[in-house]
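Could you slot chain B onto chain A? The hints should help.
Residue-level listing of the chains:
There are 2 protein chains.
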Amino acid sequence: MVNTGDINGSSNLMDFLDEPIPDVGTYEDFHTIDWLREKSRDTDRHRKITSKSKESIWEFIKGLLDAWSGWVVMLLIGLLAGTLAGVIDLAVDWMTDLKEGICLNAFWYSHEQCCWTSDETTFEDRDKCPQWQKWSELMIDQSEGASAYILNYFLYIMWALSFAFLAVSLVRVFAPYACGSGIPEIKTILSGFIIRGYLGKWTLLIKTVTLVLVVSSGLSLGKEGPSVHVACCCGNLFSSLFSKYSKNEGKRREVLSAAAAVGVSVAFGAPIGGVLFSLEEVSYYFPLKTLWRSFFAALVAAFTLRSINPFGNSRLVLFYVEYHTPWYMAELFPFILLGVFGGLWGTLFIRCNIAWCRRRKTTKLGKYPVLEVIVVTAITALLAYPNPYTRRSTSELISELFNDCGALESSQLCDYINDPNMTRPVDDIPDRQAGAGVYTAMWQLALALIFKIIITIFTFGMKIPSGLFIPSIAVGAIAGRIVGVGVEQLAYHHHDWIIFRNWCRPGADCVTPGLYAMVGAAACLGGVTRMTVSLVVIMFELTGGLEYIVPLMAAAVTSKWVADAFGKEGIYEAHIHLNGYPFLDVKDEFTHRTLAMDVMRPRRGEPSLSVLTQDSMTVEDVETLIKDTDYNGFPVVVSRDSERLIGFAQRRELIIAIKNARQRQDGVVSNSIIYFTEDPPELPANSPHPLKLRRILNLSPFTVTDHTPMETVVDIFRKLGLRQCLVTRSGRLLGIITKKDVLRHMAQMANQDPESIMFN
Amino acid sequence: MVNTGDINGSSNLMDFLDEPIPDVGTYEDFHTIDWLREKSRDTDRHRKITSKSKESIWEFIKGLLDAWSGWVVMLLIGLLAGTLAGVIDLAVDWMTDLKEGICLNAFWYSHEQCCWTSDETTFEDRDKCPQWQKWSELMIDQSEGASAYILNYFLYIMWALSFAFLAVSLVRVFAPYACGSGIPEIKTILSGFIIRGYLGKWTLLIKTVTLVLVVSSGLSLGKEGPSVHVACCCGNLFSSLFSKYSKNEGKRREVLSAAAAVGVSVAFGAPIGGVLFSLEEVSYYFPLKTLWRSFFAALVAAFTLRSINPFGNSRLVLFYVEYHTPWYMAELFPFILLGVFGGLWGTLFIRCNIAWCRRRKTTKLGKYPVLEVIVVTAITALLAYPNPYTRRSTSELISELFNDCGALESSQLCDYINDPNMTRPVDDIPDRQAGAGVYTAMWQLALALIFKIIITIFTFGMKIPSGLFIPSIAVGAIAGRIVGVGVEQLAYHHHDWIIFRNWCRPGADCVTPGLYAMVGAAACLGGVTRMTVSLVVIMFELTGGLEYIVPLMAAAVTSKWVADAFGKEGIYEAHIHLNGYPFLDVKDEFTHRTLAMDVMRPRRGEPSLSVLTQDSMTVEDVETLIKDTDYNGFPVVVSRDSERLIGFAQRRELIIAIKNARQRQDGVVSNSIIYFTEDPPELPANSPHPLKLRRILNLSPFTVTDHTPMETVVDIFRKLGLRQCLVTRSGRLLGIITKKDVLRHMAQMANQDPESIMFN
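For the protein sequence lines, the chains are A and B, in the order given.
Just so we're aligned: the first sequence equals residues 0 to 759 in our numbering.
Just so we're aligned: the second sequence equals residues 0 to 759 in our numbering.
Careful: at least some of the hints might be erroneous.
Quick list of in silico lysine to aspartate or glutamate cross-link-like pairs, DMTMM-like style, CA-CA up to 25 Å [said to hold, decoys possible]:
#1 A:53 x B:588
#2 B:288 x A:588
#3 B:288 x A:584
#4 A:567 x B:584
#5 A:61 x B:563
#6 B:250 x A:584
#7 A:288 x B:584
#8 A:567 x B:65
#9 A:250 x B:588
#10 B:718 x A:58
#11 A:53 x A:43
#12 B:47 x A:111
#13 A:718 x B:665
#14 B:250 x A:58
#15 B:53 x A:588
#16 B:567 x A:58
#17 B:61 x A:563
#18 A:718 x B:740
#19 B:626 x B:665
#20 B:567 x B:740
Residues on chain B that point at chain A, a partial pick, calculated with CB under 7 Å [claimed, not checked]:
#21 35
#22 40
#23 196
#24 242
#25 291
#26 294
#27 298
#28 590
#29 609
#30 612
#31 643
#32 644
#33 699
#34 730
Short derived list, chain B residues pointing at chain A, Cβ under 10 Å [claimed, not checked]:
#35 43
#36 286
#37 301
#38 576
#39 579
#40 581
It is worth saying that the hints were derived from the structure and are not from the lab.
All C-beta atoms, glycine included, are put in the ideal place defined by N, C-alpha and C.
The shape of chain A in the complex, shown without the other chains:
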């Protein structure tokens, strides 16, 4: 019994202006969008297209194209982001190696590409192929010795400094928004905040270029956060091509959520992990439709990246591992210990980093961003070069730490003492006694660990693109490898201990130190970001180690528990709070016993709410009200006495409507009466021409009663994405609660009762 005719009829009764009011429906910079309104605008659009599509074949095709535009946008984002990621990978590879030397055949080749065609058999020999020349070889014709070392050292620092300087200058001059990881801001944008230019073309270009520079400079940072930002810029770029997305901030955010998934997908070659990361960590409103499209976009991007094949091994998996032994129950203990370490490191990192960033914001330090970058780069390069584990790129380091020692391995980490009597197949080497190389490596790794832990705290948050995943993984992998080698040697020397006796006979391959590195990496990454499911999936996709689900999960669970015991905030939420973004976190639970009336404005003793009446205010009255206040909108009531609510008018739309009416509608003067009713009464002939504004009135403003518990109000704001909500009692308008009021109240309550965290 739905009377659609009646609705159309009643909408005809409304007074449409001759032409639609321009600019109505857009938002100002640093404002919050109204999700419900965006959604209903999209449905209107959709309905129009559907009804039109029945008129002609052409309209039908247009309708179909519109319906498919979502997939087209995903395809384009996947292609561009995948291509950019491939280019970034290739450029980083080349520039990282440029710090050490150059390829004589073709200067644009990286070390690996340069020596690719070399005939040497072992990896170590191949690395020393004649085509690749270190700077000292090229300039003073010496490859060994003190002067060669000093020259290489010096040039390493110089290259690092010039890369970093170039990067920070580009960011400063062309795109200030290109700094940082971008994930806190993208979370805020996805929750409905508008930051114009944050996802613009300049940001895209500069972030891509500077990301290459800073990663190559050897700073302790990674490329996944910035990759997410770059992918979101791509998403924003392409969504502006389709009116479905460019004109609707809500729909645009669906595209951006998918783009965030693409970012992780290409940074790590982890499409599923990327989708889950977007779902768990970044996105605010993530309907299943978006899940599905994200999945498609991530697939396209991963596929594009694979076609570019930056690593030359046609693998998507960044740190492919292959272990030959299962893990044993008793090993859960060191795994859980690594989880505890990860949780503690996460807490330490977040606290110190936030403290340092706060200092940067509040003291003079923040005024010299270029100098800061130069100093940190200089210290990093100076300390990193002498240690072989920090000199190379962090990805290579992680890759080596994750690897199991094969028989042909020439790395120092695999310098075990072979038993000459043992003849075994190549891939199943028993536990052996550590040689001198392993002990040296342990010392160097320990130093690298301390160095990484400290320098990362100062690096993250500088005015350059910087991601956290790779440094966190590196810290965890170093710690894990050290623990792994320790357990291995313990098991080798003490086969008879009760904990080893059951599973580790002499001559067996029972402990895999690489697995410990992987577990440690998961723990540290979890401690910093507080990711859960997406973390484990990303670790799988990074390493291909699907068999090691239980160790990874155990470490991730422990790490999260430990870190959460010291504070619920992950690094991204901490930065959001630090920067004061209006972000209503879906993870925070609000459990206080306050009511809507405690939060709404006006408070007791404040002047009463500024409202419009439906048929008694003049244009001048309204203009005065607009000038005197800075509210985003005004409730419209029947009369000041009854205070019965009929709708809500946006400030911006009121201003535009009045301006337009004054310009274009004859007879509208300052003392014209504004009518929000359906049918304005017949006025005497000499009275000024009335202004009918029912069209801009939102007839379904959201209301709650004054007795509504704040937890319900918070829930409503979160789930429906409201901007504001009106408070009534027995049908009378009492006040208003905005998103900012809610955030302020939540912060207040959290400060009052910090202990309650333990019981959540």
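Same frame as chain A, but now just chain B:
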């Protein structure tokens, strides 16, 4: 400026009865819960515990225990569900083999366990170990020949029939709710519906036992859906141990969501896939906290199952595959074809199965469930035995189809003609010409495919536990393997074709038919269930084939597109609609241009809404109103004239409150006036004692205006989990919209305009 003192003050002013009203706050069978109310009740509880915990150490410990009870429940569910899954696997293994023969050493050994210690080297020889006796060998001492075949055939059918008969009888007599897959009902329950006994102890017991019986009987069904049901029963069982969960239907559903994840986790050894399945397919309200706990529970369950080690290979991965060649771009074409096949099969299956189930519901057929099961089992066994690919258990079939042919493989599917000149390592066999065995296998597989497609349509929905994953995977795997062998032979015989020339030189191993089986399986499973991300993750975890993400995703995307083109509903949603459950799907989009006033009751011309007034109705008035109507609750207004809303009173709570007052409160008689106001006025001494019921009044009923678009209303119902919503205009109460009204309206609109699906 939060005035908490004031709130406590005002709540003291309310009139508490001497003791709390019993039974208030619970729901009746087949009713919908109010999520907001459950949530706020939980917060109250939480607040009470937090404030008490400051009083003494003991209360503090109790508070901590309460906070950790969520994890304890998860641990218990994981342990029990993992154990049950292990027991089910072992029992199914044994009973499936019992249909063919028995182990002489120990009758409780399955064929594989029986021959485990045998010394034979090849798998085929080991399968014929002397300890294992076929029935014909045992009874007439013949292992070959016509009479042995007939005897084995006959006993196979008899065992199958007796298992199936026992199963259907147990379900009929002890637990009618134990039938079916359970997922449609669990989806409905998780969305807030109450079905008492559906997750009870009897259902748990009977479903576990009958699941073993029906899977062993060789019917075309799987165990994952029922596993989810079993795990949810465990969840329900353990949540009743903790008052936090037993007394709050909303919190209980969080546990059940996690339990659903556990179910898939143990059915497939796929913990991450399980969590995603619960998130994507089953759950309604899935906060991140639940994600995290589900993850933990799934971990514990997978770990428990691994400790029981039912497959004897200490792998979690059910169908572990290891392929030795990558896939090539040109292969995307057959993969996408398989995707199309999967989509078509999904559509065909859903349509036919729903038509058959509708017939069962509406005709006499439904009255003979036992006979139906017997007939279907007899037909299945009769047709399955002659074909070696349908005789064995479906899991074994899938495992064989997924596998790549090694050099030692003795299966018919691997009967290729070896080139005698070729000497190559064992695991890298080039493409070879198919031998006679492969051609026979192809015919048998084609017959098996037709058989499985048809019989599954009639099997799913009978009064026995039945899951759909395994049959769908089997259909896809068979089709995929056939296509794979076809492509392989094409490539072998036509190396010079342009599509093969680039990647398939003679003597190379270019096509892996097992991979095609895997891709086909994903496509078919996707077509039936419309899962997306969880599908791909489950396929990974089932097979360990992380390298094959792009083929799997391509097939899954295609399959979903094709299937969605014929109808948006997956099999579970289709069954929900068929059974008429009040399920508000988050996936359906409502895009019609109706307003709240078109849906609310009373409609035009109907008698006006039954309301209570705050201070003028007597006990008798209210009792009459309750007797004359069957509404779940009544709005309370200031007066009938003003119709200004002040709250909402639940029918059930009104009845209980009045009954209690009449029994226990002196002076409450039929013409006592009921007050919902804060302070009832002083009454003359001779008037009857008033009844103060503000306590049961919900002071924050949800309201929308009559002009609110229905799409917003649908959104609100969905996201906030409302039971009903009141409709107002300018502060006056106009009508009410319940969840059922919304569902009815959505169905109506969908019927009016079925075409609009194309544009979604």
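Do the hints match the structure? See the list:
1. About 20 Å separates the Cα atoms of residue 53 (chain A) and residue 588 (chain B), which keeps this hinted pair within 25 Å; it holds.
2. Taken as a hint, the residue 288 (chain B) and residue 588 (chain A) pair is honoured in the structure, with Cα atoms around 10 Å apart against an allowance of 25 Å.
3. A distance of roughly 13 Å separates the Cα atoms of residue 288 (chain B) and residue 584 (chain A); the hinted pair therefore holds under the 25 Å criterion.
4. Proposed proximity of residue 567 (chain A) and residue 584 (chain B) is contradicted: the alpha carbons are some 32 Å apart, above 25 Å.
5. Between residue 61 (chain A) and residue 563 (chain B) the CA atoms are separated by roughly 20 Å; this keeps the pair inside 25 Å, and the hint holds.
6. For the hint linking residue 250 (chain B) to residue 584 (chain A), the alpha-carbon distance of about 20 Å falls within 25 Å, and the restraint holds.
7. The straight-line distance between the Cα atoms of residue 288 (chain A) and residue 584 (chain B) is roughly 13 Å, inside the 25 Å bound, and the hint therefore holds.
8. At most 25 Å may separate the alpha-carbon atoms for a hinted pair to count; residue 567 (chain A) and residue 65 (chain B) meet this at roughly 19 Å.
9. With a C-alpha separation of about 14 Å, the suggested pairing of residue 250 (chain A) with residue 588 (chain B) holds against the 25 Å cut-off.
10. Proximity of residue 718 (chain B) to residue 58 (chain A) is assessed by CA-CA distance (about 34 Å); at most 25 Å being required, the pair is judged violated.
11. Between residue 53 (chain A) and residue 43 (chain A) the alpha-carbon distance is near 16 Å, which keeps this suggested pair within the 25 Å criterion.
12. At roughly 64 Å between alpha-carbon atoms, residue 47 (chain B) and residue 111 (chain A) are farther apart than 25 Å, so this suggested pair is violated.
13. Between residue 718 (chain A) and residue 665 (chain B), the direct Cα distance comes to roughly 46 Å. Violation of the 25 Å bound is thereby established for this hinted pair.
14. Using a Cα cut-off of 25 Å, the hinted pair residue 250 (chain B) and residue 58 (chain A) is violated, with the two alpha carbons roughly 49 Å apart.
15. Using a Cα cut-off of 25 Å, the hinted pair residue 53 (chain B) and residue 588 (chain A) holds, with the two alpha carbons roughly 20 Å apart.
16. Of the pairs offered as hints, the one joining residue 567 (chain B) and residue 58 (chain A) holds, with about 24 Å between alpha carbons and a cut-off of 25 Å not exceeded.
17. Restraint check for residue 61 (chain B) and residue 563 (chain A): satisfied, since their Cα atoms lie roughly 20 Å apart, inside the 25 Å limit.
18. Proposed proximity of residue 718 (chain A) and residue 740 (chain B) is supported: the alpha carbons are some 22 Å apart, at most 25 Å.
19. The suggested pairing of residue 626 (chain B) with residue 665 (chain B) holds, with an alpha-carbon distance near 24 Å, which does not exceed 25 Å.
20. In summary, the hint linking residue 567 (chain B) to residue 740 (chain B) is supported, as the alpha carbons are separated by about 22 Å, within the 25 Å threshold.
21. Below 7 Å, beta-carbon pairs count as interface contacts, and residue 35 (chain B) has one with chain A at about 6 Å; its hint therefore holds.
22. A hinted interface residue such as residue 40 (chain B) counts as satisfied when its beta carbon comes closer than 7 Å to some beta carbon of chain A; here the least separation is about 11 Å, so the hint is violated.
23. With a least beta-carbon distance of about 31 Å to chain A, the hint placing residue 196 (chain B) at the interface is violated under the 7 Å criterion.
24. Look at residue 242 (chain B): its Cβ only gets to about 15 Å from chain A, farther than 7 Å, so that hint breaks.
25. Of the supplied interface hints, the one on residue 291 (chain B) holds, with its beta-carbon coming within about 5 Å of a beta-carbon of chain A, less than 7 Å.
26. Evaluation of the residue 294 (chain B) hint against chain A yields a held restraint, the C-beta minimum of about 5 Å falling below 7 Å.
27. At about 4 Å, the closest approach between the beta carbon of residue 298 (chain B) and any beta carbon in chain A falls short of 7 Å, and the interface hint on this residue holds.
28. Checking residue 590 (chain B) against chain A: minimum C-beta separation of about 5 Å stays under 7 Å; hint holds.
29. Interface hint at residue 609 (chain B): violated, since its Cβ lies 19 Å from the closest Cβ of chain A, which is beyond the 7 Å cut-off.
30. Because the beta carbon of residue 612 (chain B) sits about 12 Å from the nearest beta carbon in chain A, more than 7 Å, this interface hint is broken.
31. This hint holds: residue 643 (chain B) has a C-beta 4 Å from the nearest C-beta of chain A, less than the 7 Å allowed.
32. Here the hint on residue 644 (chain B) is kept, as its CB sits about 6 Å from the closest CB of chain A, short of 7 Å.
33. Because the beta carbon of residue 699 (chain B) sits about 4 Å from the nearest beta carbon in chain A, less than 7 Å, this interface hint is met.
34. Hint on residue 730 (chain B) holds. Least Cβ distance to chain A is approximately 3 Å, under the 7 Å limit.
35. For residue 43 (chain B), the suggested interface contact is upheld, since its CB lies about 8 Å from the closest CB of chain A, less than 10 Å.
36. Taking 10 Å as the C-beta contact cut-off toward chain A, the hint placing residue 286 (chain B) at the interface holds, the least distance being around 7 Å.
37. A least Cβ separation of about 7 Å between residue 301 (chain B) and chain A falls short of the 10 Å threshold, and the interface hint therefore holds.
38. Of the supplied interface hints, the one on residue 576 (chain B) is violated, with its beta-carbon coming no nearer than about 18 Å to a beta-carbon of chain A, more than 10 Å.
39. Because the beta carbon of residue 579 (chain B) sits about 20 Å from the nearest beta carbon in chain A, more than 10 Å, this interface hint is broken.
40. With 10 Å as the threshold, the beta carbon of residue 581 (chain B) stays out of range of chain A, its nearest partner Cβ sitting at about 20 Å, so the hint is violated.
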